[in-house]
Structure formats: structure tokens, C-alpha cells
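**Student:** Sequence:
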Amino acid sequence: MGNRQLDEFHVEVRPCHLRSVACGFTLVELIVAITILAMVAVLGWRGLDGIVRARVALVTEMEQTRAMQLTFAQLQSDCAQLAPGDTLLARPTLLAAQDRLLLVRLVFAEQTPSHVQIVDYRLRNGVLTRQESVATRNLNELDAMWQATLSDTTNNTDNVSQNTVVVLQSNIAAMQFQLWGSDGLGWRQPAASAGASLDPRPGANRWTGLEVNLRTRGRDGSMVKIFLLGAT
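Sequential numbering of the sequence shown, starting at 625, is according to the numbering used here.
No wet-lab data here; the hints were simulated from the structure. Worth double-checking, as some hints may not be accurate.
What the hints assert, rightly or not - Per label pair, the in silico range of CB-to-CB distance:
1. Asp844 / Ala704: 28 to 36 angstroms
2. Thr659 / Arg748: 50 to 58 angstroms
3. Asp723 / Asp844: 15 to 23 angstroms
4. Asp844 / Leu654: 17 to 25 angstroms
5. Asn795 / Glu734: 31 to 39 angstroms
6. Thr659 / Asp844: 38 to 46 angstroms
7. Gly671 / Gln698: 40 to 48 angstroms
8. Leu774 / Ser738: 21 to 29 angstroms
9. Ile675 / Arg715: 54 to 62 angstroms
10. Asn764 / Ala681: 15 to 23 angstroms
11. Asn764 / Arg677: 56 to 64 angstroms
No experiment lies behind these values; they were computed from the predicted model shown. C-beta: ideal position from N, C-alpha, C; glycine also.
Using the sequences provided together with the hints, build the complete structure.
**Tutor:** Next comes the structure, spelled out in C-alpha cells:
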């Protein structure tokens, strides 16, 4: 077997110099990324602002609703305890006017005779307040307190407690009333309230129902509720 001539293969390995690739973003890419982040931030801020505004509006609505409920509850209590005309010897027990309601109610305390006091509902500058006088059994004192309340001189009257002025509700645009009499002739305007309770004759007209209309600012509608007078 002859000698075979083996071809020698020489593999020459040469170093490969790789060109370095620069890492990072170009200026255009950075601008695009910043723009996207800014848009996301604006959308997030608007969403959060909408949530906060909705929460504030909801809280305000709940506060107004609660104040309206408390106002009507207090009116119902006062109307139910309206003093009967025969007890006061034909003295006025109720006077309804624009943005104002005056009434004389009975006050019952434990183990003491019943007393009477004047309650004054008044709307001023959008704020509805309730003020009550001290309870008394002296009709002369009641007359003095009634006249003082009508003439707005309660600040100088010792029988009217200034500590009982309570703010019931704010943001009220108007307060209106209508009256229902025992004669069944329908609802009448507040101007008729002055004379009905003063007639001492048997079978004379007596006010048996009061309609209260409260309209809040910024709303088209109003809240209306009817109360029985002297129901208890």
C-alpha cells in the first residue's frame, strides 16, 4: 500500500473586531416617551379630579337631604303640638307669611302642667332658622312675647331665649305656605291665617292643615310637605 500524500489544511483564525453598538434612546424616542407619559398623567389627573368632584357633590347632596328631613321633622313636631284656640281664649296661634311662620305650641314636661311657647321659623339670606321662646302659663306674658316677636324686638325681651336660635338649613331660595281649614273650602294663601283662629264661635273655621313649600337654590323643583295642625 503506497504512501498517501495527505494534504494539510491549515485553518487560519483571524480576530474579528466587532463594531460596538451604542445603547440608549435617540432624542426622538425620548420625546415620544415623555409625551406619552404626560398624556397618561393628564388623563389620570382628570379622572382623579372627576372622582373628587363627584364625591363633593354627593356629600353636599346628602347634607342637604338630611337637613331637609330634620327641618320637616321639626315642623311636624311643632304643628302636632299647636295650641288650641279655646285654650288661649281666642288668641292667635298661627301666623304664616312669606318666608316666615309663627305658631304657639304646647309644651309638656314631666309632672308639671302644660305650658305654651312661641316658635318662630324665619328665612333670611337663604338661611332657615328656628327660634323658640321660654315656656309660660301666663297669657299676658304670651301676649308680650307674641307682639315682641312680630315687631322683631325679641332682643330686648327677657322672655325670649336667644340661645334657642337654631339654624335648620342653608341655601334656601324661598319658603311658602298654604292653609287648610275645617270648613273644607280648599287651600288658602297665608294672608288668611290671621283671622281664623280668632273666631271664638262654635263651628267657626279652624286651621287643620299646613302645606310647606321649600325651594333650594340652584334647583328648579321644590320640596312640599303637608302637616296636620294639632294632631295630637
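**Student:** Against this structure, judge whether each hint is valid.
**Tutor:** Hint by hint, here is what the structure shows:
Distance hint check: the CB atoms of Asp844 and Ala704 are about 31 angstroms apart, consistent with the given range 28 to 36 angstroms. One distance hint, 50 to 58 angstroms for the beta-carbon pair Thr659 and Arg748, holds here, with the actual separation near 55 angstroms. Taking 15 to 23 angstroms as the suggested C-beta distance range, the pair Asp723 and Asp844 conforms, at roughly 19 angstroms. A hinted range of 17 to 25 angstroms is violated for the C-beta pair Asp844 and Leu654, which are about 53 angstroms apart.
Under the hint 31 to 39 angstroms, the C-beta atoms of Asn795 and Glu734, about 38 angstroms apart, fit the expected range. Taking 38 to 46 angstroms as the suggested C-beta distance range, the pair Thr659 and Asp844 conforms, at roughly 45 angstroms. In this structure the supplied range 40 to 48 angstroms holds for Gly671 paired with Gln698, their Cβ-Cβ distance being about 41 angstroms. As the Cβ distance of Leu774 to Ser738 is approximately 24 angstroms, the hint placing it in 21 to 29 angstroms holds.
About 57 angstroms separates the C-beta atoms of Ile675 and Arg715, a value consistent with the hinted range of 54 to 62 angstroms. Taking 15 to 23 angstroms as the suggested C-beta distance range, the pair Asn764 and Ala681 does not conform, at roughly 52 angstroms. As the Cβ distance of Asn764 to Arg677 is approximately 57 angstroms, the hint placing it in 56 to 64 angstroms holds.
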